[in-house]
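Asks: We have chain L already, so just place chain P on it with the hints.
Residue numbers (this note's numbering), protein chains in the order written: chain L, 1 to 193; chain P, 1001 to 1166.
Some hints here could point you the wrong way.
[As the list claims (entries may be wrong)] Which stretches of chain P does chain L cover? Using the computed rule of at least three CB atoms under 8 Å from a CB of chain L, they are: (1) 1007-1017; (2) 1052-1063; (3) 1066-1072.
[Claimed, not checked] Computed, partial: chain L to chain P, Cβ under 10 Å: (4) A23; (5) F55; (6) Y59; (7) I131; (8) R174.
Because the hints were derived from the structure by calculation, they are not lab data.
Even for Gly, the Cβ is constructed at its ideal location relative to N, Cα and C.
The chain contents come next:
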Amino acid sequence: MQNKYSDTELINKVLRGEKAAYADLMKRHQRFVFTLALRFAKNREDAEEIAQDCFIKAYRSLNTFRNTSKFSTWLYSIVYTTAMTFLRKKRLDIQSIDTVAGLLNVENHVSDLNSDDLEHKSKMVFVNRAIDQLLPDDAAIITLFYQGEQSLEEIGKALGMETNTVKVKLHRARHRLKEKIENILHHEVRELL
Amino acid sequence: MNLIEQRIWDYLDGTDSPQQRELTEQLIKADPIYRQVYDECKSFNNLLSAADQDEPSMGFTRNVMERINLEPVPASFKSLIDKRIIFGIAAFFLFTIAALLGVLFYQIDWSQSTGFKMPELTMPTFDSSKYLSSTYINIFFFVDIIIGLYLFDGFLRKRMNSRSNH
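Next up, chain L with everything else stripped away, as it sits in the complex (with noise of 0.2 Å):
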């Protein structure tokens, strides 16, 4: 159910006490900030930790946000320095593509799908199989992009770049992503010839 209150009604509830409104304000970001920690983390388990992580940085901090830019822009920019702080002290292998335990896991609801859902679902996996292979930040600013719907201004403001910085790297990762894409096509059909 959509909630009725803006972000800013309900970040103007918290500071007065009613912590209860910090639930809605999560439940509205939580999807896509766990989506965007697993971009760094590679599994699910990590992602969760930094998610939880940002949202109590978030909660500390909320007095400190000014409503100069979007709720989500300034919620994004906690979630990659605490990504970041996280990768830091892991010293994970970003580049190995052995660690992409957490993918989507489409056999499990195979059943309560149709046909299109499955195509869909199945497009999906690779796509996602491939935005994993690519760096965190390559893999940050097409999530921003592309499902957190922020502009090139505001990622830029949510990761510390220029919009320059952020429009080139952008053209470079969807160009990285669409060769990841025709790899994991590629050796998908020679598998199954």
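Replies: Relative to the frame of chain L, chain P by itself:
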């Protein structure tokens, strides 16, 4: 990435100038290569836009809220500093100053010269060597340095905390 592809992406993202946009639009209509690249980029765009967001575990909200409930409510600057309070304090001080000045001017007898003379001040002689030896000065500077380092440490800790919170 070739120039055609770059131009098409700029067109699809809406990051090109109006003139460039018009030109790209015409090229897409007229040039089959542009048309082909446009179709490819558009379908790639649609594919990425249709990507689903992942769902965290069922207990995600509950886990975070459990931790949030242990945290103090972040104080709002707005609720702490109400504008009416600021205006109230300002009005009180302005009123007090105006009242004091009013009383002062009322009590001055403007008709007579007061013949007021400033009193002569004679400063007592002060022999500093009695109280200030080099040992005292060294101790004074040593304590100053300790206090300075303590304050600097506090400042660095605050900065580190605020960075880790962001």
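Asks: List, from low to high, the hint numbers that the structure doesn't satisfy.
Replies: As far as the earlier hints go, not one is violated by this structure.
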